[in-house]
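Asks: Residue-level listing of the chains:
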Amino acid sequence: MDHRSPVERILRALALIAIVVFFMFPIFWIVLMSLQTNETILRSPPSMSFVPTLKNYAAIISGELDSNAGTMSIHFMNNLLNSILLSVFSVALALLLGVPAAYAFARHKFRGSEDIAFTLLSFRFAPPLLVLLPLTLYFQALGLANTYLGLVWVYQLICLPLILWIVRGYFEDISPDIEHAYRIAGHGWFATFKKIALPLAGPGIAAAGLLAFIFAWNNFVFALVLASADKQPVTVGALAFVTASGIQYGQIAAAIVMSIAPTLLLALWAQRYLVEGLSLGAVKG
Amino acid sequence: MSRIELKKLVKRFKDTEVLSGIDLDVPEGSTLVLFGPSGAGKTVLLRCIAGAVEQDDGEVLIGEEDVTDVLPEHRGIGMAFQNFALFPHMDAFDNIASPLTACGKTADQIRAGVDTVAKLLKIDHVLSHTPKALSNGQKQRTALARALVSRPKVLLLDDPLRNVDAKLRFEMRLELPRLLADQGATVIYVTQDYREAMALGDRIAVLDGGRIIQNGTPEEIYRRPATINIAKLFGDPTINLLDVVPQSDASGVYATLSDRRIQLDPGLSGNVGRECVLGLRPEALSFTTANDGVPVTIEAETPFNEKAVTLVTTLRKREILVSRPAETPAPTSGTAHITIDPSDAVLFDRQTGIRLDPNGTTHTAEKAA
Amino acid sequence: MSDVLLDLRQIDKIYNETSRHPVRAVKDLNLSVTQGEIVALLGSSGCGKTSTLRMIAGFETVSSGDILIKGRPVHKLAPAKRNVAMAFEGYSLYPPLTVEENIAFALKSERLAKEEVRKKVAEIAHLLEIEDILDRYPGSISGGQQQRASLARALIRNADLHLLDEPMGQLEPQLRALLRGRLKHFIKERGLTAILVTHDQTEANALADRIAVMEGGALQQFDSPLRLKDRPANLFTGTFIGEPPMNVFPAHAEADGGNLKLNLADGVCLTYPASAFSDELKARLLASDAFVIGVRPHAVKITAGGHPAKVYANQWLGDQTHIAARFAGQTIVSVRHDRAHHAPGETIGIDVAAHDLHIFATDSGRAFSHGGALA
Chain A
340 MDHRSPVERI LRALALIAIV VFFMFPIFWI VLMSLQTNET ILRSPPSMSF VPTLKNYAAI
400 ISGELDSNAG TMSIHFMNNL LNSILLSVFS VALALLLGVP AAYAFARHKF RGSEDIAFTL
460 LSFRFAPPLL VLLPLTLYFQ ALGLANTYLG LVWVYQLICL PLILWIVRGY FEDISPDIEH
520 AYRIAGHGWF ATFKKIALPL AGPGIAAAGL LAFIFAWNNF VFALVLASAD KQPVTVGALA
580 FVTASGIQYG QIAAAIVMSI APTLLLALWA QRYLVEGLSL GAVKG
Chain B
95 MSRIELKKLV KRFKDTEVLS GIDLDVPEGS TLVLFGPSGA GKTVLLRCIA GAVEQDDGEV
155 LIGEEDVTDV LPEHRGIGMA FQNFALFPHM DAFDNIASPL TACGKTADQI RAGVDTVAKL
215 LKIDHVLSHT PKALSNGQKQ RTALARALVS RPKVLLLDDP LRNVDAKLRF EMRLELPRLL
275 ADQGATVIYV TQDYREAMAL GDRIAVLDGG RIIQNGTPEE IYRRPATINI AKLFGDPTIN
335 LLDVVPQSDA SGVYATLSDR RIQLDPGLSG NVGRECVLGL RPEALSFTTA NDGVPVTIEA
395 ETPFNEKAVT LVTTLRKREI LVSRPAETPA PTSGTAHITI DPSDAVLFDR QTGIRLDPNG
455 TTHTAEKAA
Chain C
1287 MSDVLLDLRQ IDKIYNETSR HPVRAVKDLN LSVTQGEIVA LLGSSGCGKT STLRMIAGFE
1347 TVSSGDILIK GRPVHKLAPA KRNVAMAFEG YSLYPPLTVE ENIAFALKSE RLAKEEVRKK
1407 VAEIAHLLEI EDILDRYPGS ISGGQQQRAS LARALIRNAD LHLLDEPMGQ LEPQLRALLR
1467 GRLKHFIKER GLTAILVTHD QTEANALADR IAVMEGGALQ QFDSPLRLKD RPANLFTGTF
1527 IGEPPMNVFP AHAEADGGNL KLNLADGVCL TYPASAFSDE LKARLLASDA FVIGVRPHAV
1587 KITAGGHPAK VYANQWLGDQ THIAARFAGQ TIVSVRHDRA HHAPGETIGI DVAAHDLHIF
1647 ATDSGRAFSH GGALA
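Protein chains in written order, with our numbering: chain A, 340 to 624; chain B, 95 to 463; chain C, 1287 to 1661.
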C-alpha cells in the first residue's frame, strides 16, 4: 500500500494524458484555427506548421470582416459586451436575492420551507422551452421584450436556484452554536448575518456566483427568443457567422475563442472554489 | 439582580417533550450544577435560558424580570459552549472581544478587558492565533474567556471541560470555583462528570428524561440519592446494589447477605417484607479479620489511583466492589470477611427505585429549593 | 520460568517513508510479553501505541525489526495467519449479523457444536452485560454496547494473543469499575494473554500486570503498576501515571549542620535529618545545581506544624477530598480519604516525609532517587 509499482504509475500517467487530450483537444484546435488564415485551415492535407496571424482577431474587434463576398459588418464586440452585462447583472441580482433567501431557508425552518425550496430548485430542471412561448407573449405585453431588464429577470431562472441550493448548504454547514454565541455576546441577527454567516459561507457564495456566471454566459435559448440583434450575447451572436456567405473559419474560431475565454479563465483561476462549492452543495442539498 | 428562575419550562421537538415542566431557582451569586446523562435535555435547557431557542411553555426570569420575550443579545448572559463555538475566521483576541464590541466600548477598553481575562486564563500568548492553530485546552479557555470578559451577571457553562484532556480537566476543576467566585455571577454549569459536579456546585440539579429528579447539595445527592439511578451516577466505583427483603426480630431490622445479618436503621421497620434494593458504597465496606463479618470470595483486585478496588462475591455469587486507600493492606485472594456500617447503607424500593427513609417516609422528587 | 509469548525486537515504524516529511511513529521498540500476562500500552494520542498494536496484529507493516509469537517470526504474515484476536477501537461489527451472530462468528474456525457455541456466547454476554441485546443489530445499539460486543467477539476465541484497542473508552462510567473486575477475572481464569492499548491510565492500572508507557514513539518504562507508581523512571512517567498527578517542584540542596535542606521557590525550605538520605544521594544532591522533586498527592500530609500554605480549593468527591493550596509559588494537591474541612483562604501546614520524595534530573528528566536512596 505504501509504494506504487512503476507499471501502475505509467498506466496512471497514460490514462491522465488520454483524458486531457479528449477534453482539451477541441479547445486546442479552435485556438489553433483562430491563429490561421482561411487558406491554411482549408489546405489539404492539413499541415502542422504555419505562420500564426492575428488578422482574425483584428477583424473581429474592428467589426469588419473580409470574405469572398466582400466586407461585412459584424458587431461581435457588441455581443461580447452584452454577454458581460447580462451575466454580471444577473449574477449580482441572484446573489442579492438568493443569499439572504438561502440564509432564511437554512436557519428558519418555517412551514413549507422545504416545499418552497424544492419548487425553486425544480426551475433548474425544467426545460426552458416550456416557458419560452408564454414568456414571449408576456414580455411583449409588458414591454420587456428586447430589454436588459427583461433578460436579467429571465436569467434568474438559471442563476437563482443554483445560488439558493449551493449557498443554503454552506449556511447549514455552519454550526448554529457559532451564531448563537455571537447573538448571546450581544449582537443582533443582522450583525450576525453580516459578520459571521457571510464570511464563513464566503467560499460557497463565491463558488455559486462563479457557476451562475458560467451558466448565464452559456445560455442560448432565452437570448435567442427574447432579444433582438443589439441585445444578444455571444452565444447567439456566433450564429451571424454561419448565415453569412463565405464562411471564414478563422474568424469564427477567433470569435469562439473570445467567447469562451472569460469563463474559461475565470474557472481556471477559481477552480479550487468551484470543486469545493459543487461537492459540498451537492452533499448537503 | 441576577437570580435565575425557571417556571414550568416546556420544550418539544417534533412530537417528543424534551423538557417537561422544569422548575428551578438559582440564588444570586451561587453555582448550580445541572447534571445528567446525555440526552437528558441539559443543553436544550441552557439554550432556552440564553434565548437561542424559544421554549414552548413556561417562563424564564433573570433578576426577577421575565425575559421570555427578550432577544438573546439583550439578556446579559455569558455562555461557554461544549464544542467551543469559536468564530473560525477571527483570531482569539477578536473572539474574546466580541461581547465588548457589541456594547460599544472603545478600543482601549476592549484591549484592557481582553488582556485581563486572557492573563487570568493563561492564554495571553496565543491571542493572535486563529482557532485552528489552538490546542483543545487553549480553545476551551478562549471560549471561557469570551464568556467571562464582559463580567456578565449570568454565566451558562455547557460542559466546558468535556473535550479537554484529563490533566487539564483536573487542573481546571481546581481553578474554576475560585474564578467563578471572583466573577460574582450566578452560574449554571452543565456536566456529566459527577466529580466536577460535586467540586463546583453549591447545589446540584439532576436532570433525566426532561425532568429534575433531585435538587440538593452535593452532600445530599451523594449520601441520600433520591433514586437508584442517581445513586449509580454519583460515585466511582459505582454503588453496590443488592436485592434484599428486610426482616425484623428482637435485634431490630436487618437484611441478609451471605447468610449473615446486616443491621439496618430501626426506623425502616415499615419496609419489612417489601422487595427492596440495598445500596452500599464501596468505600463504606472494609475487610475485617473478625469472623462475624460477611464471608465473601475474592475474585480480582484492580488498583484505582490512590485506592484499590476488590471485586468479591457472596455465598450466592452476588458481586460486590470494595474500595480502600491503596496503602491499607487487604487480602488479595481466597475468602475473606467484610464489614458494613449500617449508617452508610441506603434502602430503595425495588419497584419504583425511590429511596426509602427511616420512619416510614418515602422520598419524593424534590421541588426546586 | 514463564514462556515468552510475544517478542518485539527493535521495532521501527515510519509512515510516509518516501515523502518529504516521514513520520517515525515507533522508535526502536523492544518488548516481551509472557504467557498469561496482561500488558497495557499506555500513552497520549500520537505516542505510537496504536501503531504498535496494529503491527502486532498485522494491519501495518513493520519498517524494520522482528515480531515473534511463540518463537515464530510473524511480521511478514497476514493477520489471519497469526492466531491473534482483536477488538477494534471502531468496533467493526458486521452490520447484517445480530450481536449474537457477530460474537459466534469468532468461533467459526473452532467447529464447535451449536449448543456449545450458544453457551459460550451467553456466558461472555452475561459478563459484559449485553445479554439483553444479543438479538439486536449493530446499527440499533449504543456505542458503549457495540464496544462490549466487539470485546466479547475478541475474547471468546482461543487465540495465542488477544489485542484490545481502547476496549472501554465508550463504556458508561457506572459500568467501568465492575466490568474491569470481571474482565480481569475472565482473562486470568482462562490464562489468556492480552495486550490492550489505552490513553486512560486508570484503566491501564486497573487491568494490567505490566504497563508499557510510550511517548513520542519511544518506550519510557515497562513495569508493574506498583513499580510505575513507586519508582517512575522519568518525570514524564511520574506525572503521567496517577490521578491527581504528582506534585513537582524545582529545588536545590544545601547542607546545614546535621540536616539536609531542600530549597524550593518562595523561600520554602524542607529540612530533613541527614540520616534520612543515603550518603551517595546526599553527595549527588549537594553537587547538583538544581533538580526536580516530586511527591504524590496522598503523601502530602497536612499537619499543624508544617510549612504554611494557603488553601484555595477544597473539593469533596464523595469518597475522597482534594485540597489544593499555594505552596512554593505553585499549586500543591493533597488527597485524603476522609472529609477534611479546610476552607479556602485558610492556612494549613504541609509536610512531606523524605521516603515519599522522588527526585529527577532537571535536564534529562531521568529519576535518580526514590524514597531517600539512589534509584
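Just to be clear, a hint being listed does not mean it is correct.
[Stated by the list, open to error] Here are the computed lysine to any residue pairs in the SDA-like style, where the Cα-Cα straight-line distance is at most 25 Å:
1) B/LYS199 - B/LEU215
2) C/LYS1515 - C/ARG1622
3) B/LYS108 - A/PHE449
4) A/LYS534 - B/GLY170
5) C/LYS1474 - B/ARG418
6) C/LYS1362 - C/ASP1352
Honestly, the hints are just simulated from the structure, not real lab data. Model, not experiment: these values are computed from the prediction.
Asks: Take the hints in turn and mark each one as holding or not.
Replies: To see whether the hints hold, each was checked on the structure:
no.	hint	in the structure
1	B/LYS199 - B/LEU215	22 Å, holds
2	C/LYS1515 - C/ARG1622	18 Å, holds
3	B/LYS108 - A/PHE449	13 Å, holds
4	A/LYS534 - B/GLY170	20 Å, holds
5	C/LYS1474 - B/ARG418	23 Å, holds
6	C/LYS1362 - C/ASP1352	9 Å, holds
In terms of the numbered hints stated before, the structure departs from none.
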